[in-house]
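Visitor: Chains as they are written, first to last, in the UniProt record's numbering: chain R, 1 to 260; chain P, 1 to 318.
Note that these hints are calculated values from the structure, not bench results. It should be emphasised that the depicted structure is a prediction, and the values quoted were computed from it without experimental measurement. Among the hints, erroneous ones may be present.
Said to hold, decoys possible - Calculated pairs, DSS-like style, for lysine-lysine (alpha carbon to alpha carbon, straight line, at most 27 Å):
(1) R:2 - R:104
(2) R:108 - P:277
(3) R:258 - P:179
To be verified - Selected chain R positions facing chain P (Cβ under 7 Å, derived; list incomplete):
(4) 54
(5) 125
(6) 135
(7) 162
(8) 179
(9) 206
(10) 239
(11) 240
(12) 246
(13) 259
Yeah, the Cβ is synthetic: ideal placement off N, Cα and C, and Gly gets one too.
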Amino acid sequence: MKIVVCAKFVPDATADRRFRSEDNTVDRAGVDGLLSELDEYAVETALTVKEAGDAEVTVLTVGPEQAADAVKKSLQMGADAGVHVLDDAIHGSDAVATSLILSKALAKLEADLVVFGMGSTDGGMGVVPAMVSERLGLPAVTLGSEVTVDGQTVRIRRDGDTASETIEGTLPLVLSVSDQANEPRYPSFKGIMAAKKKPVETWSLADLELTPEQVGGSSAWTEVVEVTARPARTAGTIVTDEDGSGAAGLVEFLSTNKFL
Amino acid sequence: MSNVLVLVDHTAGTVRKTTAELLTIARRLGEPVAVFVGEGVADALPALGQYGATKVIALSNPELTQFLVAPKAEALAQVAAKIEPSAILISSNAEGKEIAARLAVKLDSGLITDAVDVVAADGGAVTTQSVFAGNFTVQAKVTHGTPIITVKPNAATPEAAETSPEVEEFDVTISDAAKTARIVESKPREATGRPELTEAAIIVSGGRGTGGDFGPIEAFADSLGAAVGASRAAVDSGWYPHAYQVGQTGKTVSPQLYVAAGISGAIQHRAGMQTSKTIVAVNKDPEAPIFELVDFGVVGDLHKVLPTATEEVTKRKS
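Given only the sequences and the hints, what does the whole structure look like? Please build it.
Guide: Below, the structure is given as structure tokens:
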């Protein structure tokens, strides 16, 4: 079985994330980045499936030069090979364009099982798995908190707002997993050394039979009009509880602000 | 005026509050046309009329509810092809976002998710979203095709505008390709009697500091008529179900009042609650980052502070 994990390189959430002033896109070059934490769960899922049977795990990323780090981390965790779609024309692509690039690459890789995290930690739309499923005409089982692969059948448990559902589909298929699905492994020293010898291919848009006009900021179907930094919250009142004074202060605050 | 499609979010005909919000927003952009999928349209009709739906398009093909979201997206695409709406509004929950994603590809249209506000402007709808853990506000618009916008709960205050919409049955054709992922089992969540987390006006959340005992959290929440939330640390420890997790990988909430008890306030949690109107925290650690966000903070043990506060609130309310 050929498993492909789609992984995203994102600005570190604990760093000072910002937008580029010239085109209102996420600044990916000037900020420390890493493999999106939520994609580690997707890598872990792929590795678990591989260890239970016969499979090859390829990690696929679309992004600037530094995005190679997302591939590297996945290889260190245990993925077998990497593909990095790298092309200057990709900058500014929205979710719809990104799903087009991924779909072409996934078709070229002839993936049987495509695994995504539940969303990225930067854009956070969580829509790309469904778009890729739509483009490739493959079934999608999404937001799995528990995943089992049994022959050709993939079954997940999804904990929704109103119900806990069991959902299944047949390979080839698109799967996304939540952060409840597993505990991602840390790369071992052996894994880190082995990763250096694993094959990573770099593909351009031309390799995917796409033209620059089909992707990137100029053809994005959405436009950010304005970006505003949220004003810092003004410092509030902080009291230290002594013999019930904390509770009294709290209730007084709620009462004054009409929450009672 | 142009038509604006609103996908109705309901449980067996009981319309959720978010739909009233969507209809209110749709009226800013054009004439709201409600699309109702599944059984119970007659029960839903009064609520849809109350918030100004000019027409209700009912889709009752049983395959629509049996096979996850792909058939719903296909059906909406067929409705859109006939109605030619100027925008499509969908609730920003897991299912809504997935339907919207598929629809965007089918209709060659731009998609905006998680809008916290939508206004009419020259050239169509302009949305507001809160990004990067609430540290930035972004205004955006769709520049190609039919704008598809998913809207978060509490994005608008529902405003009544009584209409008596007609129901039009609409026949859809579902392709075999859309019927490939199926729901084999569904266990409804047990009702807690508390407000829905994403829709609640007040939320009381507990974290690591509860030590696993959510009793004081629930009691305080009940005294305020609030929903209960939990931090990722509490959920990962198995103390509270994941459905109640507030944060980047759980729910993003924006209530009038958010009470964080025993929650340090890591970026992961802040991402889910930073846009709350008023924030209150109770935490033993005076250095906890949550205190940077609060309007009112108590440095103290939640196991002492909350029960006393609960008693006092109950007394004042009675």
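Visitor: Next step is simple, just say for each hint if it's right about the structure.
Guide: Evaluation of the provided hints:
Under the criterion of a C-alpha separation no larger than 27 Å, the hint pairing residue 2 of chain R with residue 104 of chain R is consistent with the structure, at around 16 Å. Distance hint between residue 108 of chain R and residue 277 of chain P is unfulfilled; the C-alpha atoms sit about 49 Å from each other, more than 27 Å. Restraint check for residue 258 of chain R and residue 179 of chain P: not satisfied, since their Cα atoms lie roughly 51 Å apart, outside the 27 Å limit. Violation of the interface hint for residue 54 of chain R is found here, the shortest Cβ-Cβ separation to chain P being roughly 24 Å, above the 7 Å cut-off.
The interface hint given for residue 125 of chain R holds, since its Cβ lies 5 Å from the closest Cβ of chain P, which is under the 7 Å cut-off. Residue-level restraint check for residue 135 of chain R holds (minimum Cβ-Cβ distance to chain P is 6 Å; threshold 7 Å). Here the hint on residue 162 of chain R is kept, as its CB sits about 6 Å from the closest CB of chain P, short of 7 Å. Interface hint status for residue 179 of chain R: upheld, as the beta-carbon distance to the closest one in chain P is roughly 4 Å, under 7 Å.
Evaluation of the residue 206 of chain R hint against chain P yields a violated restraint, the C-beta minimum of about 23 Å exceeding 7 Å. Checking residue 239 of chain R against chain P by beta carbon gives a least distance of about 6 Å; that is within 7 Å, so the hint holds. Checking residue 240 of chain R against chain P by beta carbon gives a least distance of about 4 Å; that is within 7 Å, so the hint holds. Given the 7 Å rule on beta carbons, the hint for residue 246 of chain R holds: about 4 Å separates it from the nearest Cβ of chain P.
Satisfaction of the interface hint for residue 259 of chain R is found here, the shortest Cβ-Cβ separation to chain P being roughly 5 Å, below the 7 Å cut-off.
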